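*Asks:* Given the structure of chain A, go ahead and fit chain B onto it with the hints provided.
Residue numbers (the working numbering), protein chains in the order written: chain A, 1 to 271; chain B, 1 to 271.
Some clues are possibly wrong.
Stated by the list, open to error - List time: in silico DSS-like cross-link candidates among lysine-lysine, alpha-carbon distance up to 25 Å:
| hint | chain 1 | residue 1 | chain 2 | residue 2 |
| --- | --- | --- | --- | --- |
| 1 | A | K78 | B | K21 |
| 2 | A | K21 | B | K78 |
| 3 | A | K78 | B | K78 |
Hints listed in this document are in silico derivations from the structure and should not be mistaken for laboratory results. Bear in mind the structure is a predicted one, so any value in this text is a computation, not a measurement.
Protein chains: 2
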Amino acid sequence: MFEFDVDRSVTAEGPGVYRGKITERWNIGPVPNGGYLLAVAMAALEQELAGLSPLSVTCHYLRRAQPGPCRVEVERVKQGRTYATAVARLLQNDNEHLRVLATFGPLDRGGAPEWIDGAPPAIPEGGAGMRELGLPLPTIAQRFEVQVSPETLQWARARAEMPGAAAAKITSAEIRARVRFADGRPADLSSLCLFADALPPPVLAVMPLAWVPTLELTVHHRAQPAPGWLTCVFRTRFLFGGYLEEDGEIWDEAGKLVALSRQLAMAPASR
Amino acid sequence: MFEFDVDRSVTAEGPGVYRGKITERWNIGPVPNGGYLLAVAMAALEQELAGLSPLSVTCHYLRRAQPGPCRVEVERVKQGRTYATAVARLLQNDNEHLRVLATFGPLDRGGAPEWIDGAPPAIPEGGAGMRELGLPLPTIAQRFEVQVSPETLQWARARAEMPGAAAAKITSAEIRARVRFADGRPADLSSLCLFADALPPPVLAVMPLAWVPTLELTVHHRAQPAPGWLTCVFRTRFLFGGYLEEDGEIWDEAGKLVALSRQLAMAPASR
Numbered sequence: 001m002f003e004f005d006v007d008r009s010v011t012a013e014g015p016g017v018y019r020g021k022i023t024e025r026w027n028i029g030p031v032p033n034g035g036y037l038l039a040v041a042m043a044a045l046e047q048e049l050a051g052l053s054p055l056s057v058t059c060h061y062l063r064r065a066q067p068g069p070c071r072v073e074v075e076r077v078k079q080g081r082t083y084a085t086a087v088a089r090l091l092q093n094d095n096e097h098l099r100v101l102a103t104f105g106p107l108d109r110g111g112a113p114e115w116i117d118g119a120p121p122a123i124p125e126g127g128a129g130m131r132e133l134g135l136p137l138p139t140i141a142q143r144f145e146v147q148v149s150p151e152t153l154q155w156a157r158a159r160a161e162m163p164g165a166a167a168a169k170i171t172s173a174e175i176r177a178r179v180r181f182a183d184g185r186p187a188d189l190s191s192l193c194l195f196a197d198a199l200p201p202p203v204l205a206v207m208p209l210a211w212v213p214t215l216e217l218t219v220h221h222r223a224q225p226a227p228g229w230l231t232c233v234f235r236t237r238f239l240f241g242g243y244l245e246e247d248g249e250i251w252d253e254a255g256k257l258v259a260l261s262r263q264l265a266m267a268p269a270s271r
Numbered sequence: 001m002f003e004f005d006v007d008r009s010v011t012a013e014g015p016g017v018y019r020g021k022i023t024e025r026w027n028i029g030p031v032p033n034g035g036y037l038l039a040v041a042m043a044a045l046e047q048e049l050a051g052l053s054p055l056s057v058t059c060h061y062l063r064r065a066q067p068g069p070c071r072v073e074v075e076r077v078k079q080g081r082t083y084a085t086a087v088a089r090l091l092q093n094d095n096e097h098l099r100v101l102a103t104f105g106p107l108d109r110g111g112a113p114e115w116i117d118g119a120p121p122a123i124p125e126g127g128a129g130m131r132e133l134g135l136p137l138p139t140i141a142q143r144f145e146v147q148v149s150p151e152t153l154q155w156a157r158a159r160a161e162m163p164g165a166a167a168a169k170i171t172s173a174e175i176r177a178r179v180r181f182a183d184g185r186p187a188d189l190s191s192l193c194l195f196a197d198a199l200p201p202p203v204l205a206v207m208p209l210a211w212v213p214t215l216e217l218t219v220h221h222r223a224q225p226a227p228g229w230l231t232c233v234f235r236t237r238f239l240f241g242g243y244l245e246e247d248g249e250i251w252d253e254a255g256k257l258v259a260l261s262r263q264l265a266m267a268p269a270s271r
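So that you can see chain A by itself, here it is in the shape it has in the complex:
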């Protein structure tokens, strides 16, 4: 069994109630990664709504979780013929840490019109690794193989001159990278929310290293990933007032868009 499957597995212990265990393997410092926590909650949703695919999944992060046992409670909001909407609550010691609202359904409705205005970012094979970005590498970095685009490597130069000079060298707060699980696990629908939150926040290209906690993360699941690398771009366009959005596109090796993500996160406040 692969690391991700072990670490997000949950066991039903009653109607809509699941037990799981948050491991340290997906930590950033002492704190489990938000995409991983969401993947644990989604494991319960997937059991509850078996046969349907996640479409839109939103998670609000209420309190920092920590490695250790957790409980996930699932409530069906609406069960239709084709679509189901449900809530998942992830708790530790009876405190709710995540509230998830998700709609599941058919991933492909066979829609006739198509309009594709975009393409996966070009990243040379065998690109640079995460280490070359000039950031400290958290535990979670060991879970992935990453190839970063040369443009993203400008981060390292800009960061050496922070604060102040950074903005002059960087034209977009963006990270482009090819990513896959280090242990060979294929990407699938269940792991897209993890990949949506697995790379360093692109806003770190334009501000000093700081904690950038997620308030809310939404992932639109658009297609089942083909085997191989995922090609991702994450970008922050608006950092002000102590908040920032981070938009992501995740493409598979067949050149298909498999997910769009957006999160609202907090930057350091001056008061």
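*Replies:* Frame of chain A; chain B shown alone:
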């Protein structure tokens, strides 16, 4: 009192329970607009979480609503010192139509770093009206004054040649417009979710006229709008499999980004 305030007003009738009335004034065909319905649910959230501003608000649309009485039930998920997360359920005849998950807090944390990678779309003063887009105008169109950009008017030409030829004429499925309430009501935080869903779906630039029901809408509230017009751009980049995303930016007349929106919607399916 302005139309929007009358039509979204709710009255507390018990702890966390509110009564309201959905009017026909925001209809698209026989169906109330999704942004308006969300604004009604938010009216209850605003009363419950008085003193805090909406930050991230996600709504899942479960069933079509109709004009008439409604009930909104609010549940506090977490009440912290600075932030509060809550759920709102909008019901008609005991059926839940909307499930909303929202985090409220301070709109400006006084964050020091700033990074603005974008600008309001340029739209000439006194631009064309909605009528010139070549679409039927729903009732809700009477609630707004709209000035559409000349580029968006290419829609009308493309639509005349649909299906098939459209994609050749159109380079992005985008609508850019200046918008304000027709009755002079100033835009505020409470109305941003309405503006995020008030214009015709930009995907109609590249597909024949059809119902494009929203599954999920998320609005990030980033600043209090200054008085005057809102300048908006909405774009769909990925229409396939019977789904599409629609991303929006809403700017105020002072040139400040006031909201980002994203929705997942359904396009006509071939099966």
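*Asks:* Against each hint, give a clear statement of whether it holds in the structure.
*Replies:* How the hints compare with the structure:
1. The hinted pair formed by K78 of chain A and K21 of chain B meets the criterion: a straight-line CA distance of about 23 Å does not exceed 25 Å.
2. Simply put, K21 of chain A and K78 of chain B have alpha-carbon atoms about 23 Å apart, close enough for the 25 Å limit, and the pair holds.
3. Using a Cα cut-off of 25 Å, the hinted pair K78 of chain A and K78 of chain B holds, with the two alpha carbons roughly 23 Å apart.
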